[in-house]
Structure formats: C-alpha cells, structure tokens
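Novice: Protein sequences appear in the order of chains Y and F. Counted the way the UniProt record's numbering counts, the first sequence spans residues 1 to 90. Counted the way the UniProt record's numbering counts, the second sequence spans residues 1 to 505.
Honestly, the hints are just simulated from the structure, not real lab data. Keep in mind that the hints are not guaranteed to be accurate.
Short derived list, chain Y residues pointing at chain F, Cβ under 8 Å [claimed, not checked]: (1) A5; (2) D13; (3) A14; (4) R17; (5) I18; (6) Y41; (7) R55; (8) T57.
Glycine included, each C-beta is placed from N, C-alpha and C at the ideal position.
Okay, here's what each chain looks like letter by letter:
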Amino acid sequence: MSSLAVIGRLEKDAHTRIIDVDTDFTMDQVVEACLAPAVGYQARHPKPGAMLRVRPTTDTDDADPFPRSMTVAEARLRHFQQIDIYVSDD
Amino acid sequence: MPLLERSAWYDIARDTNWTPKYVEVDELFPPDQSDPYGIPVAEWETFDEPYKVSYREYVSVQREKDAGAYSVKAALARSSYYEDADPAYLSMLKLHYGAIALSEYAACQSDARMTRFSKAPGMRNMATFGMLDELRHGQIQLYFPHQLVSLDRQFDWAHQAHHSKNWAAIAGRHALDDVMMTRDAVTTSVMLNFAFETGLTNIQMIGLSADAANMGDFTFSNLITSIQSDEARHAQIGTPVLEIMVRNGRKAEAQQAVDIAFWRIHRIFAILTGIPMDYWIPLEKRDRSFKEYMTEFVGEQFERQLLDLGLERPWYWDIFLEDVETHHHCQAAATWAWRNTLWWNPTGNVGPRERAWLEEKYPGWNDTFGMYWDVMIENIRAGHPEKSEAVGMPAMCNMCQIPISNKGGTVWQARAYQLEYEGRLYSFCSTVCKWIFELEPSRYKTFNTIADRMYNGEISPNTPESILQYMGSGVISQGGRDAHDLAWVRAYDEPGATPRLVAGS
C-alpha cells in the first residue's frame, strides 16, 4: 500500500480538489475520500441518496466508470490524474 | 539664457545610434536580448515616440504630481481615515499594495532592458522615462502602506509579498516573470507596454480609483490616478513597436506575444480588481461591476486598438469574455473559503441584497456561484463557522498558479485540462493556459505549483500548519479571516430576507 494524490472532480462542485488515496482503495473508497473535503463545506452531495461512481475525466464526460471494487492500483491511476465523481444512473 | 524649443533639438538629441567599431552589432545588441526577429536597424530608427518629453519637463511635471499625492496623503492621515475605514476596504488596499508595489520595481527592470537593448533610439528614450516612472511607482506604493503597518501588520506584505512563497504571490510572480522579466526587449515591450499596460492597467487604476473616491479615500484614488497617467504615457512604447513588427512581416509573432501576455495578466487582475469591485466595496459605494468595466475598457477600447494596429482579437476572445463573468466569482468564493492562506482579510459580504445585485449584473449567479456560498452560509447560521473554512487543497493550474475552478451547480464546468509532457502530468485551468504551455514547454515545465511542492518534499511535513508557515501565513503577519467577522451573515435573519435564493436548493 502506498499513497497517491489524484485530482477529484465532484459533480456540481466548483473546484477540482487534490485527494489523497491509498493504492489499495476501492473506487467506492475513492468516492468517500473525494466527498470528505467538499460536501458539507462548500458543496452539496450532487444527488443525495444516489450512487456515485468514478471514471477517468475526458473531454466528453462519457468514459465508462471503473468497477466499484477495482482498486486504485488496478485502475493504474497516476499522480495528479483527474477523475470524475459523478451520479450514476445505474 | 534663452532656451531652444524642444522640437528644435529633440530628434538630434535622442538619435543616439552609432556604428560600432570595436564589437560586432550582435555583441552590442545580442539578438536573444535585443531583437530575435532580425528587423533591420533602419526600421527601428523609424520608431517615433507618440509622446515626447524632455528630462527637464519630466522632472517638473512628475515632481508636481507626486507632491499632490503626498499632500492628499498627509491631509487624510490627519483625519484618522484609516483607523475608521471599513475593514473590507482596507483589505483591498492590502491586496493592491502586496501585489503591485514590488511589481513596479520589476517593471522598472523591464524598462531598463528596453533602455539598454532596444535598437530603436526613440524606444530607448521613452523606456528611460518609463523606467523612472516605475521606480517612482514602486517607491510611492511602498511608502504609503508603510505608515499603515503600525495599524495592521498585514500591510507589511506590501514589501514582503514578492519575496514570499504565498500562493497568490507565486501566481503574480510567475505571470510577471513570463511577461516582463524573461524575454527580449521587443517582445517585452509588446507584452508589457501594449498587452499589459495598454490593455489592462486601466481596469485596476481607473476602476478602483472611482471606488476609492466613493469610499472617501482620496489618498489612494489620487495616487493610482496619478500612476495611471504615467502608465498611459509609457504604455505607448508598445504601439510603434507593433507597427514596426507588422510592417516587417512579424505580425504572427506580435499577435502571439499579445495573446500570451493579455491572458496571463487578465487572470491575475480579475482577482486583484474583480473581487474588490463586486464583493468588498459596499453596495451603495460601487461604481460599476467588474464586467461593466471590462466591457468598456477592455472589450471595446483594447479591441479597437488591436484592430487599428492590424492585429486581431486573441483567438480565445470568447473564452476570455466567459472568463470575465466566471473567474473572479470562483476565486472570490475560493479565497474566502481558504482565507487563512491570504495576507488580507476578505469579506464574504454576500447577503440577500448583495446577491440580488450579483444576480442582476451576472444573470445565473445564484444557480452557480451562489450554491457554493449557500453551503458556507448555512454552516455559519447553524453555529458552525469553522465549517465555512475549506479543508484540503484545490488543484492548481501549472500555468497561472491559481486554483482550478469554474462554474459549479447544474452547468458544472469545473475541470482541469491535462497534458502529459516528458512523463509528467500537467494540469491547467483552461485551454488558454494549456495552449501557452504547449507553445514553449521548456520555459514552464520545471516550475512547481504549491500543490506540487506538497508532494515533492519541498513542503515537509505535508500538513496544513507547515503549508501555511511555508506561505508566510502566521509568520509575516496573521493569515486572513473574514473582514467583518461574519456580521454580513446576520442579514439573512432580517424580516423578509430570502435565506436561500438558489433554485432547487
């Protein structure tokens, strides 16, 4: 296990934020890490009760999400790579 | 003894070009410091100053102007104005002096480079006076806040900011180093004299002057109006330079220099000017909105000047116009949330009345930027003011060194534009900052944002306390807090106040 900083882009938030994650975090844990410094401080949950997923940021905002149980290491996320934390319709 | 008219001796007195015998021309004027475009000396000798002045005239006029500024200062000091001034207004002064005073010294060095390395005698002459202007501006804008240090230690940042590692100071230095300090005399003139001084200093010096006069601060109003009269004169160095470049087939290079510098300085000035204008000045004292100033002074005047010179609007003009309505609102909220990192005390000052004004000036404000404030205001009203302060770090732009933010809410435009270069991932606030990097990666690639420094070991340990200490917050002075101690939030408790104005919240 080692730590890594990614850039989290939480749906509806005005900021992109640096988020420390462990390489063995699952994507659900990454979601929690991204919500922690934002929701309740300057942002609301983008859709309370809805599931949030993680996907790589792309120009068209339509990349497939990483599997929820996939780890940061398995997703090969890099230092300061930007990820979306978004409301999933699934 | 009778004196000749200036016009009888001026041209011959300033025509100081000669043919060097002991060194080559390129040794006297190294192209990378003088003119990398290879424009013939004969062309540079056609440079004709739009504004002519002799040293005798310069000293006489400037002495009188500076004496006027100092006498107004003395009168206001006797009135205890600053002891009783609105704390948010004092923050505007702290921000201005910290950002501008030593920038003037930097500009002095830029003019000195033109004075030494320009091949155009007329340009060297004008730049000499420009150099003196900037020296005076540096001195006077250090002297004025100096008397206020005993009132509030944060005024010491007038002298300290440029030597500190505060993130806002780093952002300013990065832009100014790029535009003023690290290029040849010709490009520096296009970037500094034209794009920066002609394009954008009006908004800081004229716009804020009107607000300062409305606040009764005739010292500051008089000071920056006086400074702007100098800026307006030496800014004209850039116009003949551009004409000569365009005439000699260097329009593309001139356009690129304008485009880089205009964007870089806009990103800084929007914070420096836009936030005080639209948030800190009390509603009844505001002259115009930042957007209205930018529309008049930049959108109309600067655009016309560009076209008159045979140049075009920067390719990103639509992005720029969008940024005028976005960037400073994002940073008003962000700097307030991360206020302990600042050398000034920002006020939130977004009560119901102010929100109505912002919504009128910037339609859609409540549905985007307002949502951000809603959460912080709710926390304060619920008795948790500590939750109105941000935790963690925003991502920072590898070009402008400013937090990467954009509209939140349903439109959700916040994103970093990323680029991999030589194995490193760079993040940018916009396609424009990314474009500037891609033009010349070697110029920018090794620079580290505050966020980079947290992870490369430069800031160690990587804790909030050590980051603040690294930036000088709590060291040079106390870090920022709300200028009004959150009193503005009480306006939501008044009868008839609309506590939440955001649709769907």
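Novice: For every hint, state whether the structure bears it out.
Specialist: Hints, verified against the model:
no., hint, result
1, A5, "holds, 6 Å"
2, D13, "holds, 5 Å"
3, A14, "holds, 3 Å"
4, R17, "holds, 6 Å"
5, I18, "holds, 4 Å"
6, Y41, "holds, 6 Å"
7, R55, "violated, 13 Å"
8, T57, "holds, 6 Å"
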